[in-house]
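Protein chains in written order, with the numbering used here: chain A, 75 to 580; chain B, 75 to 580; chain C, 75 to 580; chain D, 75 to 580.
Simulated from the structure, these hints should not be mistaken for lab results. The reader is advised that the hints may include incorrect statements.
If several chains are the same, the list does not tell them apart, and a pair holds so long as it fits within one copy or across any two.
What the hints assert, rightly or not - Quick list of in silico lysine to any residue cross-link-like pairs, SDA-like style, CA-CA up to 25 Å:
1. Lys203 to Ala280
2. Lys197 to Arg354
3. Lys203 to Arg180
4. Lys351 to Asp184
Everything numeric in this text was worked out from a predicted model, so none of it was measured.
Protein chains: 4
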Amino acid sequence: MSGKGALSGTEVATHNSRASCWIIVHGKVYDVTDFLDEHPGGSKIILKYAGKDATCEYEPIHPPNAISDNLPPEKCLGPVDMGTVKRVEIKITDQEKARLGRLQLRPPLDEILNLHDFEAIAKLVMPEKAWAYYSSAADDEITHRENHAAYHRIWFRPRILRDMTHVDWSTRILGHRSSMPVYITATALGKLGHPDGELNLTRAAAKHGVIQMIPTLASCSLDDLMDAAQPGQVQFLQLYVNKDRQVTRRIVQHAEKRGIKALFITVDAPQLGRREKDMRMKFDAEDPDEVTKSGGEVDRSQGAAKAITGFIDPGLSWKDIPWFKSITKMPLILKGVQCWEDALEAYDQNLAGVVLSNHGGRQLDFARSGIEVLVEVVEKFKEKRGITFPNPRFQLFVDGGVRRATDVLKAVALGATSVGIGRPFLYAFSAYGTEGVDKALQILHDEFEMNLRLIGAQTIADVVPSMVDATNIHSHVVAVPGDRLYDSNYESMQHARLRETTRAKM
Amino acid sequence: MSGKGALSGTEVATHNSRASCWIIVHGKVYDVTDFLDEHPGGSKIILKYAGKDATCEYEPIHPPNAISDNLPPEKCLGPVDMGTVKRVEIKITDQEKARLGRLQLRPPLDEILNLHDFEAIAKLVMPEKAWAYYSSAADDEITHRENHAAYHRIWFRPRILRDMTHVDWSTRILGHRSSMPVYITATALGKLGHPDGELNLTRAAAKHGVIQMIPTLASCSLDDLMDAAQPGQVQFLQLYVNKDRQVTRRIVQHAEKRGIKALFITVDAPQLGRREKDMRMKFDAEDPDEVTKSGGEVDRSQGAAKAITGFIDPGLSWKDIPWFKSITKMPLILKGVQCWEDALEAYDQNLAGVVLSNHGGRQLDFARSGIEVLVEVVEKFKEKRGITFPNPRFQLFVDGGVRRATDVLKAVALGATSVGIGRPFLYAFSAYGTEGVDKALQILHDEFEMNLRLIGAQTIADVVPSMVDATNIHSHVVAVPGDRLYDSNYESMQHARLRETTRAKM
Amino acid sequence: MSGKGALSGTEVATHNSRASCWIIVHGKVYDVTDFLDEHPGGSKIILKYAGKDATCEYEPIHPPNAISDNLPPEKCLGPVDMGTVKRVEIKITDQEKARLGRLQLRPPLDEILNLHDFEAIAKLVMPEKAWAYYSSAADDEITHRENHAAYHRIWFRPRILRDMTHVDWSTRILGHRSSMPVYITATALGKLGHPDGELNLTRAAAKHGVIQMIPTLASCSLDDLMDAAQPGQVQFLQLYVNKDRQVTRRIVQHAEKRGIKALFITVDAPQLGRREKDMRMKFDAEDPDEVTKSGGEVDRSQGAAKAITGFIDPGLSWKDIPWFKSITKMPLILKGVQCWEDALEAYDQNLAGVVLSNHGGRQLDFARSGIEVLVEVVEKFKEKRGITFPNPRFQLFVDGGVRRATDVLKAVALGATSVGIGRPFLYAFSAYGTEGVDKALQILHDEFEMNLRLIGAQTIADVVPSMVDATNIHSHVVAVPGDRLYDSNYESMQHARLRETTRAKM
Amino acid sequence: MSGKGALSGTEVATHNSRASCWIIVHGKVYDVTDFLDEHPGGSKIILKYAGKDATCEYEPIHPPNAISDNLPPEKCLGPVDMGTVKRVEIKITDQEKARLGRLQLRPPLDEILNLHDFEAIAKLVMPEKAWAYYSSAADDEITHRENHAAYHRIWFRPRILRDMTHVDWSTRILGHRSSMPVYITATALGKLGHPDGELNLTRAAAKHGVIQMIPTLASCSLDDLMDAAQPGQVQFLQLYVNKDRQVTRRIVQHAEKRGIKALFITVDAPQLGRREKDMRMKFDAEDPDEVTKSGGEVDRSQGAAKAITGFIDPGLSWKDIPWFKSITKMPLILKGVQCWEDALEAYDQNLAGVVLSNHGGRQLDFARSGIEVLVEVVEKFKEKRGITFPNPRFQLFVDGGVRRATDVLKAVALGATSVGIGRPFLYAFSAYGTEGVDKALQILHDEFEMNLRLIGAQTIADVVPSMVDATNIHSHVVAVPGDRLYDSNYESMQHARLRETTRAKM
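Sequences and hints are given; from them, build the entire structure.
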């Protein structure tokens with residue numbers, strides 16, 4: 075009854091221990107016994123599926139080829155006859171039922187008026203743990219919120235009586251046309267939020283002529299995401315550099331061959347940040363984002379941190395830059411630069427640009443916002459090298475905290491070529507799939523049209539520094555702690571009230 | 075039974091489709107078939123009344139002559155015999171009944187102590203959608219609230235031991251006497267809040283000797299508002315410039331002939347702002363403020379934005395200024411100037427003044443407040459042209475966020491000739507009709523008398539720059555995001571308590 | 075049965091109308107018919123008692139001789155036979171019963187740890203309207219709260235390793251010894267809070283060797299308050315200047331003869347401020363603080379404002395200063411100076427000092443705090459006249475918002491001779507009578523002892539400018555309005571929780 | 075039946091009055107009659123145990139030898155036969171039962187993710203009065219909270235592309251190796267929180283190679299804490315200087331002989347601060363922390379303050395420094411320095427360093443935070459003496475408000491050698507005993523490893539000033555008081571909502 079040459083589920087089921095641990099993924103059997111202690115997500119989650127089909131667990135949080143990339147070829151024992159494999163039963167909890175109920179009640183997309191709305195809906199309809207993973211940030215999440223707050227310290231100086239009949243918010247990013255000064259930045263594990271994962275982004279990006287930056291830790295494979303692209307659609311690649319440079323070389327050169335147009339090397343993550351909101355979730359074997367943890371039930375003293383550094387190299391340094399230049403012709407951009415000194419070094423090393431970013435607040439708490447660093451960088455480049463921005467030779471990007479086209483225009487006015495938006499698109503597809511991302515981009519288009527007109531700029535090139543007042547950008551104010559006794563004694567003033575209300579109160 | 079030459083309701087009723095759409099307004103029949111796609115408020119709202127009497131829908135949100143002004147004469151098919159027209163039934167919802175109940179419970183006017191009170195009462199007694207339209211502002215409404223907050227960064231330096239027996243807060247605005255340094259600024263669609271619409275303002279302005287600026291988008295016609303004026307009563311006109319300059323010429327010259335004393339050209343609205351609070355309301359055909367939307371159910375991709383630009387010209391530019399000078403002798407003032415550069419240009423072009431305004435926060439979010447721009451303008455005019463303010467040759471006006479006479483006096487001390495107040499008067503008549511506006515102006519009089527005495531100024535001319543400290547005006551502070559864990563651990567101090575209270579707690 | 079020559083209650087009762095209005099106060103009959111329209115509190119409250127005994131209404135809010143001072147002698151019709159006067163029944167409302175119940179539950183005085191505590195208890199046990207009168211302030215009460223908040227912008231730079239075995243916080247005020255750098259400043263209508271009114275202050279001041287400033291609008295007469303003083307006890311007088319300078323001369327010269335040591339002329343009240351919280355209270359004839367209103371049921375158009383200016387002269391000016399010098403040898407101090415220019419003028423006119431004050435926030439809203447003005451004054455006197463503070467020749471006082479000895483020490487370090495405290499003492503006696511004030515002063519003593527030791531100053535003279543950092547004193551910061559959508563999406567971090575708590579929540 | 079030479083409980087029980095008061099502590103009888111008025115905690119608490127065994131009351135709040143150190147030898151009357159002593163019954167209140175129940179529900183230690191968590195749990199499981207004692211601070215606790223808040227005004231400028239494979243956060247403190255730039259600072263009365271008191275700290279410090287500063291007011295004796303140390307474990311001593319310098323000499327020389335490595339002389343406590351939150355607790359004889367009060371039921375007029383100064387000398391001054399040098403060779407550090415002038419004096423007097431500290435906010439309210447003073451000190455030392463920090467010859471320490479390794483790294487970047495942490499360790503052992511402190515230190519290790527990598531510093535020496543932006547450190551901002559009327563009128567924006575939610579609301 076079983077297929078020829080295929081293993082039987084019964085046999086696989088006997089390898090269900092730490093001593094011998096086989097698992098099934100996408101119909102193939104893998105012997106992961108020796109890999110248990112190397113698994114970034116810890117051995118526990120694997121052992122739960124020892125001898126069983128782990129596909130549904132594996133699927134949302136790994137690129138399809140993750141397992142084959144990370145195991146020696148001989149550990150793939152070949153196909154299994156799926157008819158003989160006992161199905162893993164998935165029990166739907168009451169919590170999950172309630173969530174699925176809420177999913178049915180999503181408002182129609184035309185009630186979504188801004189990017190905040192996607193987050194509000196996604197928070198209600200996403201799996202709780204996916205929400206925790208996407209929304210969490212480092213330590214006390216001060217930087218995470220500062221990223222957004224910093225934009226509120228920048229105000230417009232709009233111009234009037236300019237002919238605003240035709241406005242055009244398209245621009246060029248690293249030489250490639252973009253319908254707006256925004257790109258979709260790299261965020262990990264898209265399938266946590268939606269079964270199609272990052273494909274949602276690829277499709278909507280195509281429709282709107284914006285550029286997608288594909289993440290190293292995508293749930294979809296690079297090839298799948300590039301296969302899904304439309305002719306002429308531009309994609310960039312975000313890169314976590316592997317300790318094993320050959321793996322990195324393979325990824326980079328494959329990407330270049332496939333047509334990736336620029337390489338964004340992440341430089342702010344020598345170690346993945348602790349995100350306590352995420353860790354606070356009860357992790358058990360059902361937990362799909364175990365892979366992202368550097369703590370939790372994984373006993374840190376047993377080397378989980380070491381495991382993580384198995385695929386992200388904490389030793390990455392300026393010395394590696396020539397090597398990158400040697401393996402690819404793609405423009406190289408450093409993602410995660412946080413002070414002018416490093417931006418200047420990147421410029422002096424003839425890189426193509428930098429992303430002023432703190433990784434969405436997920437790495438170092440009290441790192442400054444990208445938009446604040448932008449002001450410093452522009453000022454110092456003027457002083458040290460006499461150059462101004464935007465500048466095609468060396469482009470400045472910013473990400474983190476952006477929710478409105480006005481945020482983007484502030485960055486552009488201050489010298490950014492373009493701005494990366496991440497979480498809002500995750501929330502858009504988590505709540506509405508591809509249509510959500512489509513709508514999110516449409517909202518941005520509408521906001522750009524409106525706001526270009528209102529600041530008096532016909533094109534992105536007309537959005538100049540004098541259109542903003544950023545003099546407060548470096549002020550990090552913390553109010554003197556309140557006088558609780560005085561304040562509780564103070565009786566607030568009250569408005570006039572309706573007569574009935576008044577009477578009822580007496 | 076039907077009147078001679080008049081159409082019958084039965085016949086009109088057959089033209090009830092997109093293919094042939096007739097409507098009745100104020101007893102006349104119009105063929106609007108070709109106009110459907112041009113209607114700024116979209117075709118849907120018209121089609122709902124296809125073949126029917128649309129007067130009660132049309133009334134609160136259009137000037138009486140809007141329909142005849144916008145349709146070719148031949149599209150007016152003549153009178154209908156109203157006896158043959160089926161009445162449109164208006165169902166009073168429970169919500170509306172509750173509102174009418176609250177209206178009965180308004181406190182007597184002598185319990186209204188300040189302008190805030192009108193807003194508090196209006197919020198309770200206005201139709202929900204009228205409230206949404208009046209109170210809404212752009213994007214996250216940051217600028218809307220900043221307009222008021224900015225005044226809180228300005229503090230007084232009052233003088234003492236000056237004879238304050240007689241104080242006089244009257245002044246001159248563009249040469250015309252005003253009983254206070256305040257004018258009623260232009261706000262649209264007054265009939266949403268009260269059946270008499272802007273007439274409430276005209277009447278109260280007459281009584282108190284203040285100047286009313288009549289809006290282009292008034293619910294009442296210019297002629298009605300000017301007919302209602304008392305002899306010698308001064309009125310200004312706010313102008314949205316039409317793409318068809320002949321329409322604008324007609325409006326301007328008619329206004330001048332009727333006796334309008336100054337023309338305030340709106341320059342901050344090449345496109346009408348998105349006001350999401352307003353859009354959030356469920357819009358259906360009953361919705362009276364459809365006209366104000368640039369989005370919502372109106373499918374944007376079908377060109378609603380284009381429709382809006384049908385009557386406000388996004389192409390208005392400095393090049394149009396000579397033309398304005400050629401068609402009228404009225405003083406020209408630009409309304410919506412937001413930086414010193416444009417104010418200086420207006421001065422150099424020999425205009426009569428500028429209103430430093432951001433349209434009540436309804437257009438560009440993160441536009442700075444008028445009062446903040448005032449400080450910048452005065453400083454730069456001194457530096458660039460050596461002139462000081464107030465200045466009869468070129469007058470500075472400010473609007474937005476004003477609630478107290480102290481706010482006005484701050485603006486005057488800093489160089490403004492006068493201050494525009496809008497929403498508070500809308501709320502005053504929405505809650506109490508003309509008597510509300512009368513009371514609002516009386517409150518301002520009382521506050522001016524009091525506060526002139528308290529700052530030590532006998533007249534408006536004595537309100538000088540050294541009477542205020544505005545050194546903080548440009549500070550846009552955003553607190554560092556809170557440390558939620560630390561704060562929730564902190565146990566607040568408590569007062570001594572009554573003995574019983576103490577016992578009960580234990 | 076009736077007394078000889080005395081009027082009978084029956085006869086008095088017939089004069090119960092506007093046409094002929096007699097009232098009884100302290101056993102005497104007054105014809106107030108012609109005075110009705112002059113009464114600062116309006117005629118309504120008098121008419122309620124027409125033909126009746128008004129003593130219990132009159133008592134708490136007038137000095138005993140107010141009625142004889144304000145009426146021509148012939149209007150006093152002589153004594154009434156009280157046995158024939160129908161008693162005015164006072165109905166105790168449920169609200170009042172509840173209040174009296176709370177009064178029984180006051181915590182013992184040794185549970186009162188700071189001045190805030192008195193306010194917290196007084197708020198609960200005072201008549202609601204007395205609370206409203208004492209606690210209210212001008213307009214939006216911004217200045218009222220700023221008065222306290224301003225101290226929070228000043229921080230200490232304490233010194234160490236100085237011998238703090240003996241510390242001494244006594245000082246001299248205008249040459250008179252005070253046990254602490256604090257005086258009891260003038261506040262009106264003490265009997266609203268406690269039947270003994272300002273006598274509570276006189277007694278406690280005697281016990282603690284502090285100086286009381288007697289208010290013009292005291293509920294007790296000047297003579298009563300001076301009679302109650304201990305031998306050697308120093309008292310000052312606060313003066314509202316009467317339009318009729320002869321009344322003022324009489325008051326001043328009587329005070330000097332009785333031994334008042336200094337005259338504090340109020341210069342910040344050409345018109346009494348509007349206090350809306352107070353006005354918001356429902357005023358009816360029972361209302362005891364009608365006298366304090368300049369609005370409310372009193373029809374303003376009938377001239378209540380004019381009535382108020384009947385006893386406080388808005389025409390008071392620098393020209394009056396020589397006259398004051400001519401009628402008294404007492405040192406003259408201006409109370410209510412709010413900028414350096416006026417302080418300098420007072421100095422140049424050889425006055426004895428100024429109180430930098432905004433009348434407890436009850437007059438002009440957005441007036442700066444006294445402590446802020448102090449910094450400006452000291453700086454400018456140094457610059458313009460080369461003198462420093464404290465300075466016996468010209469003394470600087472500050473009042474408003476003080477709650478802690480640390481507040482006082484900040485003012486002293488910055489140059490103040492002494493600080494006035496008002497409301498906290500009102501609350502102290504309203505809650506606990508004389509013992510409350512005694513305790514309040516004892517708390518201040520304890521705080522002074524402690525804090526002198528902790529800042530490293532043996533005496534008040536050792537409290538020098540370098541002990542404070544007041545560089546932020548002029549910063550008036552208003553946060554950028556919050557981003558409500560972003561903030562409501564943000565999910566706050568949470569602590570570890572007890573296991574049961576955790577389970578219960580799931 | 076009773077032991078030989080031992081007193082009988084029956085006899086002791088007869089000395090139960092103020093006239094003759096004996097108590098039993100640790101099996102010995104003491105005649106404390108003459109000491110009653112000298113007891114810092116007042117006589118009442120002693121009299122409650124007159125004639126009885128006071129050990130369980132005495133134990134948690136005194137070092138074992140406190141009683142013998144403070145009484146003349148002849149007052150120790152020798153051992154009592156414990157079999158004859160009536161046991162003091164301790165009634166467990168419902169409140170205490172509930173607390174013990176909560177103690178059972180503590181989450182496992184691996185759910186504790188940060189130092190905040192210990193506080194959250196300790197607050198729930200500690201005796202209420204122990205919590206009040208540990209958590210309370212001076213006056214309005216403004217400085218207490220500012221200590222933490224000040225760190226939020228400092229932001230990172232992290233560096234990238236440095237090889238972070240190996241990071242090392244160990245350092246040297248006064249020449250002694252420490253595994254991190256943190257020491258456990260001195261806090262009093264550890265047995266209030268846990269029966270093992272400060273021993274918990276000694277044990278965990280040993281395990282992690284960090285230095286413990288032993289407090290004068292420890293619940294455990296110096297000898298016990300040093301006996302518990304591991305070979306080579308470094309301990310410092312915090313010293314309150316006794317009025318009787320011979321007592322201090324004895325303590326210091328004993329400590330040096332036992333191997334204490336440095337002496338931290340407290341200079342910010344000439345008088346112990348009032349901590350009102352602590353005083354607010356109902357104190358009765360059961361109250362274990364009576365000793366810490368300087369007020370409350372103890373009648374202040376009877377000299378409690380004098381009693382307190384019985385063991386801490388308010389006369390300590392710079393003149394004592396040579397004497398300290400004469401009695402010990404230990405490095406001398408002043409703890410509680412709060413301005414650059416005193417730090418410079420310490421340097422000029424050749425001391426080994428200073429702790430910039432305000433005693434955890436428990437002494438002078440509105441004292442600045444240590445981290446703020448650090449910036450001032452470093453700047454002035456550069457200016458006045460030309461030296462930079464960290465500096466082995468004169469070391470700067472900071473304590474107060476630290477909760478994260480990022481806080482510590484900010485202090486290190488700004489020049490601190492090391493940072494003292496106090497309350498978090500108290501909460502750690504109050505909730506979890508020694509394991510709690512162990513975990514707290516492990517968390518800090520993890521945070522240091524992570525954050526060194528993220529700021530780009532391989533070692534503590536690489537944490538340099540340019541890695542932080544502290545330009546806002548001196549800003550003490552207090553927001554302008556809110557406009558309550560305006561704010562309550564403002565209707566907040568709302569997100570899109572689920573359909574059902576929407577419907578339910580309508």
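Need the list of violated hint numbers for this structure, in ascending order.
1
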